[in-house]
Amino acid sequence: MRGRPNLALLTGGTLVGLVVLAAAVSFFWTPHDPTLVDAARKLREPGGGYLLGADKFGRDTFSQLMVGARTTLYVGVVAVGIAAVVGTPLGVVAGMTPRGWLSELIMRVNDLVFAFPALLLAVMLGAVYGPGTLTAMIAIGVATVPAFARVARAATLQVMVTDYILAARAAGRRRPAIAVRHVLPNIGSVLIVQASVSFAIAILAEAALSFLGFGTRPPIPSWGRMLQESQELLFSTPRLALWPGLAIALAVLGFNLLGDGLRDHLDPKLRRIRADG
Amino acid sequence: MLTVEGLHVRADAVELVHDVSFTIAPGERVGLIGESGSGKSLTALSLMGLLPEGVTASGRARLGERDLVGVPESRVKDLRGRALSMVFQEPMTALNPLMRVGAQVAEVMTLHGRPRHEARERAVELLERVRLPEPGQIARAYPHQLSGGQRQRVMLAIALANGPELLICDEPTTALDVTVQKQMLDLIAEVAPALLFITHDLAVIASMCERVLVMYGGRVVESGPLRDVFTRPRHRYTQGLLAASRLTPRGTRLPTIAGSVPPAGRFPSGCVFRNRCPHATPACETTPALTGDGHAHACWHPAD
Amino acid sequence: MPTHAGTPLIEAVSLNRVYRRPRTSLTRPGAAVHALRDVSLTVGRGERYGIVGESGSGKSTLLRLLCALDQPTSGSIRFDGQEITGRPERRLRFLRENLQIVFQDPMSSLDPRMRVRDLVAEPLAALGLPAGDRVNELLDAVGLPAGAADRYPHQFSGGQRQRIAIARALAPRPKVLVADEPVSALDVSVRGQILNLLADLVDELGLTLVFVSHDLSVVRHVCETVAVMSKGEIVETGPVDDVWAAPAHPYTRALLQAVPTLEGLL
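Chains as they are written, first to last, in UniProt numbering: chain A, 1 to 277; chain B, 1 to 304; chain C, 1 to 266.
Note that these hints are calculated values from the structure, not bench results.
Remember, predicted model here, so these are calculated numbers, not experimental data.
The C-beta atom is built at its ideal place from N, Cα and C for all residues, glycine as well.
It cannot be assumed that every hint is accurate.
[What the hints assert, rightly or not] To be clear about the criterion: a stretch of chain C counts as covered by chain A if any three or more of its residues have a C-beta under 8 Å from a C-beta of chain A, and this derived list gives those stretches:
1) 80 to 94
2) 101 to 113
3) 121 to 131
Excised from the complex, chain A in its bound form:
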């Protein structure tokens, strides 16, 4: 691997970087007010200060995309955050006591949640607490917990059979200290990879929920809702669906590539070639 650029990492990093940049800039500047409805600009063609044109309400598509990136990242960060904060400790505990009842309980509950469709969960939460970005984020986060717990458990199982865990026990370390000082640092790279892949899934889920009307509420721009609003004009003005669709696809691709690239980059076995005699 040495000396050869990690293409996945570079491409993924660039795509994700673009999304982050767009979101960051949108706080200070957008070409136009993304929520400003103006009948005069209705379905305006691209050009003349309107890089990608305007939608059926006359809102500037490019500005909407920029602010939509914010929503996307916001949802991703919170959903993945929930999943990581809840899933990782569960997985580590299950992995450190693989034969205990606690481990069994955690993993079986995990299976239950895993079997429950995430969209259904979001729809149910939306029905009870009202649809919105927060509901969507919580639903996506909860639905992602089992994936994190499983990955954390598998990685923990691998770490627990290493000599340095035995050495830590022999040194007198108790379980909580072993978990914090040895297990977490050593499964960190696996979790980072999982986080970036989950991020991609969360983006898709948010888009799907917004498309169905259970996600981000108007007037806050969201890529999923932009798609939904373009639905009826799909044949007359396809560009309205094309741009948010492309944004979603590239962001998802970016996070997936970033995950793959990080996996190669963080894996010392792949990174370090052994020039052994």
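Starting from the known structure of chain A, arrange chains B and C on it as the hints suggest.
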């Protein structure tokens, strides 16, 4: 039969094996001694055309009239497993866990054009030749059902399947128990047509080989008939290694070589051993050539 | 902790350890494997006690039991007069303070993501003891430069890593050092350095040494007493020189004959 001349192996900018030359005659058993980082395994892998990605070999290596280094992969692939074959250190990872042992032995023969039914029969014969009890039953077993020693015998049977001219063994007994090791070594000595035996264990090589090459830091630092090299070592590294291999009685101090083997690419210029050598002088900053007929050494201040 | 000068330091009586293989049938439990059968041994204060055996002999299982990293199926182990079996980790403090281990492969026994300073100080931190200048003192004692403390294990050679592991084991000033094949993963040219270092430290600090190896000749260099293990049992035990000169058990004889030695071949 095997002639290696000026073999170099490098990974990017780091030279891992430098100017290695030696020959093996038919029926001869040659030992390659070295510690980790000496380049001994890379030397063997470059002959087999099995170097890891990013690592390249240059120089000349010929088996009979056929070139082994610097030729297209397809040519080497055809020779590998037929004209020369190799037994590795770890028999568990070298065997396919989902395939019966007999089928794995037969596979190397069908790959080189032998009809299937004939290969099956010959596989059982080979298992018998490597002294596996009840070869017919062993042929139907899976690798995990065999002991480490038995698996290594299977590896040997696979290596011998196509009647190679040269057998290369890389630490074939390091993963085995001592009581199993001796039988395995005797067996290798008996069946090898010509042998290149690689190990870090001086005692093992003393029981196997007639001639030895001592490698350190990617270079051959001493070579010659085993008895000469082991009883009258000239290179200071060989001398230190032999001294360190003998365990003195309890309560006495063991002779040691100062420092540790540097990582690949960090060996000193000139004589690769000079940063650990008690006899090193400024003269050692120039690379010593491997000189001497028969018993050769590359040292400016050789032992008598 | 009270010391009982008259009693042996480690006394193991009738240890058995049975493992269950993972089940291969839905209805029946997995097969039982006897890793240890009725093993008893006594290690005196200041003794250098060698345990020799090949893979599957049960030496690693025995070692884990002696270090309370595993529980025997039956039998008892007394350390300095106190029973150590059946105790939860929080009641093993006296053992952890007084018995430390050096593992076989310093590549895998040192957490790759920890600095040397934290690795060496870990036994102290685990026992709530102050580290102070102890890390530098220990690194010096095992022949490593003080600058080593801020680096990571992969920046050291195998021999140096084993020195780090030894420094770590000595941190809480234990009475007993357990060494599990401490030189078998090392290059021959480095092996002598580590064995010399161990011998020096055992002498200087008046340690009791339990030394596990597959190689009887290494044990002969290091230890006074040896126990030869095969198939989960101790088949022969006694002063190492006696066992070496006149092995009583057929397995010990086979083991001695199988070891290739330079002297015998030249």
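Results of checking the hints against the structure:
1. Against chain A, the stretch 80 to 94 of chain C contributes 4 residues with a C-beta closer than 8 Å to a partner C-beta. That satisfies the three-residue criterion, and the hint holds.
2. Counting residues of the stretch 101 to 113 of chain C whose CB falls under 8 Å from any CB of chain A gives 10; the rule of at least 3 is met.
3. For the stretch 121 to 131 of chain C, the proposed coverage by chain A is satisfied: 4 residues have a C-beta within less than 8 Å of a C-beta in that chain, meeting the threshold of three.
When held up to the earlier numbered hints, the structure conflicts with none and fits them all.
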